[in-house]
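A.B. asks: Here is how the chains run, residue by residue.
Protein chains: 2
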Amino acid sequence: MTATTRVSQESLETFCVDALLKTGMREGDARIAVDVLVTTDLMGVFTHGTKNLQKYVRRLRAGGLDPKATPEVVKQGPSWAVIDGHAALAMVTACLAMKTAIAKAEATGVAYVGARNSGHFGAAGYYPLMAARADMIGLSMCNDVPSMTVPGARGHILGTNPLAIGIPAGQENPILLDIAMSTVAGSKVYQAISQGRPIPNTWIVDGDGLPTTDGSVYPHSASMLPMAGHKGYGIALFIEILSGLVSGACCRSEVGSWIFGDPSIPTGHGHAFVVINVGAIEPIERFKDRVDHMIREIRESPKAKGSERIFMPGEMEFGRMEQAKAQGIPLPSDVMESLFALAEELGLDASVLSGSKT
Amino acid sequence: MTATTRVSQESLETFCVDALLKTGMREGDARIAVDVLVTTDLMGVFTHGTKNLQKYVRRLRAGGLDPKATPEVVKQGPSWAVIDGHAALAMVTACLAMKTAIAKAEATGVAYVGARNSGHFGAAGYYPLMAARADMIGLSMCNDVPSMTVPGARGHILGTNPLAIGIPAGQENPILLDIAMSTVAGSKVYQAISQGRPIPNTWIVDGDGLPTTDGSVYPHSASMLPMAGHKGYGIALFIEILSGLVSGACCRSEVGSWIFGDPSIPTGHGHAFVVINVGAIEPIERFKDRVDHMIREIRESPKAKGSERIFMPGEMEFGRMEQAKAQGIPLPSDVMESLFALAEELGLDASVLSGSKT
Numbered sequence: 001m002t003a004t005t006r007v008s009q010e011s012l013e014t015f016c017v018d019a020l021l022k023t024g025m026r027e028g029d030a031r032i033a034v035d036v037l038v039t040t041d042l043m044g045v046f047t048h049g050t051k052n053l054q055k056y057v058r059r060l061r062a063g064g065l066d067p068k069a070t071p072e073v074v075k076q077g078p079s080w081a082v083i084d085g086h087a088a089l090a091m092v093t094a095c096l097a098m099k100t101a102i103a104k105a106e107a108t109g110v111a112y113v114g115a116r117n118s119g120h121f122g123a124a125g126y127y128p129l130m131a132a133r134a135d136m137i138g139l140s141m142c143n144d145v146p147s148m149t150v151p152g153a154r155g156h157i158l159g160t161n162p163l164a165i166g167i168p169a170g171q172e173n174p175i176l177l178d179i180a181m182s183t184v185a186g187s188k189v190y191q192a193i194s195q196g197r198p199i200p201n202t203w204i205v206d207g208d209g210l211p212t213t214d215g216s217v218y219p220h221s222a223s224m225l226p227m228a229g230h231k232g233y234g235i236a237l238f239i240e241i242l243s244g245l246v247s248g249a250c251c252r253s254e255v256g257s258w259i260f261g262d263p264s265i266p267t268g269h270g271h272a273f274v275v276i277n278v279g280a281i282e283p284i285e286r287f288k289d290r291v292d293h294m295i296r297e298i299r300e301s302p303k304a305k306g307s308e309r310i311f312m313p314g315e316m317e318f319g320r321m322e323q324a325k326a327q328g329i330p331l332p333s334d335v336m337e338s339l340f341a342l343a344e345e346l347g348l349d350a351s352v353l354s355g356s357k358t
Numbered sequence: 001m002t003a004t005t006r007v008s009q010e011s012l013e014t015f016c017v018d019a020l021l022k023t024g025m026r027e028g029d030a031r032i033a034v035d036v037l038v039t040t041d042l043m044g045v046f047t048h049g050t051k052n053l054q055k056y057v058r059r060l061r062a063g064g065l066d067p068k069a070t071p072e073v074v075k076q077g078p079s080w081a082v083i084d085g086h087a088a089l090a091m092v093t094a095c096l097a098m099k100t101a102i103a104k105a106e107a108t109g110v111a112y113v114g115a116r117n118s119g120h121f122g123a124a125g126y127y128p129l130m131a132a133r134a135d136m137i138g139l140s141m142c143n144d145v146p147s148m149t150v151p152g153a154r155g156h157i158l159g160t161n162p163l164a165i166g167i168p169a170g171q172e173n174p175i176l177l178d179i180a181m182s183t184v185a186g187s188k189v190y191q192a193i194s195q196g197r198p199i200p201n202t203w204i205v206d207g208d209g210l211p212t213t214d215g216s217v218y219p220h221s222a223s224m225l226p227m228a229g230h231k232g233y234g235i236a237l238f239i240e241i242l243s244g245l246v247s248g249a250c251c252r253s254e255v256g257s258w259i260f261g262d263p264s265i266p267t268g269h270g271h272a273f274v275v276i277n278v279g280a281i282e283p284i285e286r287f288k289d290r291v292d293h294m295i296r297e298i299r300e301s302p303k304a305k306g307s308e309r310i311f312m313p314g315e316m317e318f319g320r321m322e323q324a325k326a327q328g329i330p331l332p333s334d335v336m337e338s339l340f341a342l343a344e345e346l347g348l349d350a351s352v353l354s355g356s357k358t
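Chains as they are written, first to last, in our numbering: chain A, 1 to 358; chain B, 1 to 358.
All clues stand as given, with none of them false.
Just so you know, same-sequence chains aren't split out, so a pair can sit in one copy or run between any two.
With a straight-line cut-off of 30 Å between C-alpha atoms, the simulated BS3-like cross-links for lysine-lysine are:
#1 Lys22 to Lys55
#2 Lys325 to Lys55
#3 Lys68 to Lys22
#4 Lys99 to Lys75
#5 Lys188 to Lys303
#6 Lys188 to Lys305
Read the hints as simulated data drawn from the structure, not as lab findings.
Kindly generate the complete structure, drawing on both the sequences and the hints.
C.D. replies: Here it is in structure tokens:
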């Protein structure tokens with residue numbers, strides 16, 4: 001078990017807002033971005049939460065992200081819009097895009113909103129939840145610098161291009177899926193290496209484009225494998241096109257790395273958001289009753305031998321969120337280290353983060 | 001190699017239209033449905049083409065499908081519509097739905113059209129191609145009788161719920177993805193059984209819900225596994241909700257089996273179609289140039305050791321179609337047997353199908 005420190009939601013928010021204010025961001029924008037990151041930590045998805053704030057702040061200070069930028073709708077129609085992020089911190093751009101999509105879907109039933117000149121937007125799952133809480137079905141997608149191969153190739157062809165989907169329910173929590181198109185995240189490979197374990201041969205390919213169980217070739221001469229082979233390849237292409245080409249954003253190798261790239265140069269990521277206003281189409285109470293019914297039927301289905309529960313997508317995350325709101329967020333040591341390092345870089349007081357160690 | 005018979009597109013169409021006319025269908029509807037089935041055979045997807053006409057005809061004659069039904073738009077808004085198939089042959093309903101979605105997207109930029117009281121609509125990939133040929137991005141989805149398990153469960157929880165996506169290109173063929181949410185199709189399990197081969201343990205689970213390499217338990221006590229585990233499960237749920245719940249159609253076990261169910265009882269499948277009118281959002285020539293550029297860059301990427309080509313989704317199918325249009329469709333023996341049996345059931349002359357055997 002890794003040591004964790006329980007920090008209250010409020011303390012973590014205060015620290016992160018203060019950090020972003022130090023870069024010159026407006027308080028409203030800082031609060032929007034911090035809600036994305038802290039909600040992600042509340043759900044226990046620590047790879048995509050406040051751990052990355054240090055990297056975002058470095059870009060905000062180096063010029064690759066513009067703390068003063070105001071994302072704007074640059075073109076629109078009845079059921080669509082395109083937003084230029086102007087290199088703002090991507091959560092600000094993405095929240096505006098999802099809000100715009102919800103408003104368009106409110107008016108016409110369905111909407112697409114694309115975003116260009118953006119960056120890494122954190123966990124894709126935050127945005128569909130905005131739609132689900134407005135009783136709508138929401139999708140979010142993002143392209144990224146290529147790190148994944150495709151069938152028949154070697155080397156990096158596509159990003160691991162995340163897809164998130166949120167579905168409103170009635171009494172139950174929303175259904176919330178948040179997945180990348182690679183078989184697994186790179187962090188799983190690192191974990192196996194550090195534990196000296198071989199990896200399944202469906203995770204990565206080596207420099208020859210051949211499957212390998214030797215994780216140590218990652219990342220220098222390896223590429224991620226798409227989930228389910230040609231199926232994940234096809235969906236990743238679709239996400240690339242909706243995020244990068246329909247929006248007029250950068251695409252594939254045009255996208256910069258938000259981790260390894262020069263922090264003074266914008267990465268140019270594109271996003272796509274799709275919203276379906278269910279209540280315009282089907283009586284919303286009937287719909288939500290049927291979703292609840294389906295969730296309960298699946299949950300109560302016979303279990304596989306050795307299995308005790310069947311989870312809905314997002315159910316574990318909502319469970320962790322409830323607990324973290326009550327008891328504090330159990331931040332792993334790597335997150336704490338990153339936040340303390342950030343505090344030092346910015347000359348910020350980190351004592352607000354001194355939670356209870358477990 | 002299985003023996004094949006090369007039958008011209010025109011001969012196959014003539015035979016199939018005649019068969020449907022015998023059930024009392026209007027000629028226009030028959031031609032719509034036959035174009036779906038024959039296009040599928042042209043693409044070499046023989047499991048979903050005219051092989052199934054016999055089953056559809058049995059339902060049309062037994063009452064589970066209504067040859068005289070006229071699918072209709074029962075409700076609509078600016079960017080959406082719901083179509084009641086009234087138990088028409090599902091290709092007729094699905095083509096109307098996709099045409100409606102294209103028209104709505106033409107007007108507002110994006111559209112969702114759901115269909116209820118429908119049935120098995122053949123290959124999902126036909127419909128997005130209608131959108132791609134109108135320079136739009138199209139998606140089609142369908143729910144089905146449960147035959148797939150989900151993580152933690154045993155038994156049938158969800159259908160294998162197909163998803164197809166079509167993307168218009170410029171000089172290149174459209175990108176066309178057509179996939180089910182199971183790891184593989186049931187036909188692959190049967191093939192392995194007949195060849196006495198074990199199967200990978202990612203294809204099915206046994207009656208305890210545990211992965212097995214013994215294909216012989218399928219289908220009586222086995223369930224399909226979703227592709228990529230929880231990822232395929234989540235996307236299958238999304239497809240179920242868009243096809244079954246937003247459209248007001250049957251859902252999960254409410255859906256009947258079009259193969260094993262009583263042919264006099266409608267199956268109640270639901271479909272979902274989503275269309276994005278790219279040209280409303282981004283200059284269409286610029287978009288198509290960028291798609292072409294991406295296709296060519298991927299195709300020309302370094303190959304994996306032992307690989308000679310990198311295929312786009314749909315590229316193999318378009319290649320087969322071109323060849324089949326020129327040389328006749330190489331119908332496998334099981335398709336021919338099914339067509340001959342149908343001819344006998346209907347008292348139809350099958351001599352039009354006597355192509356050249358290879």
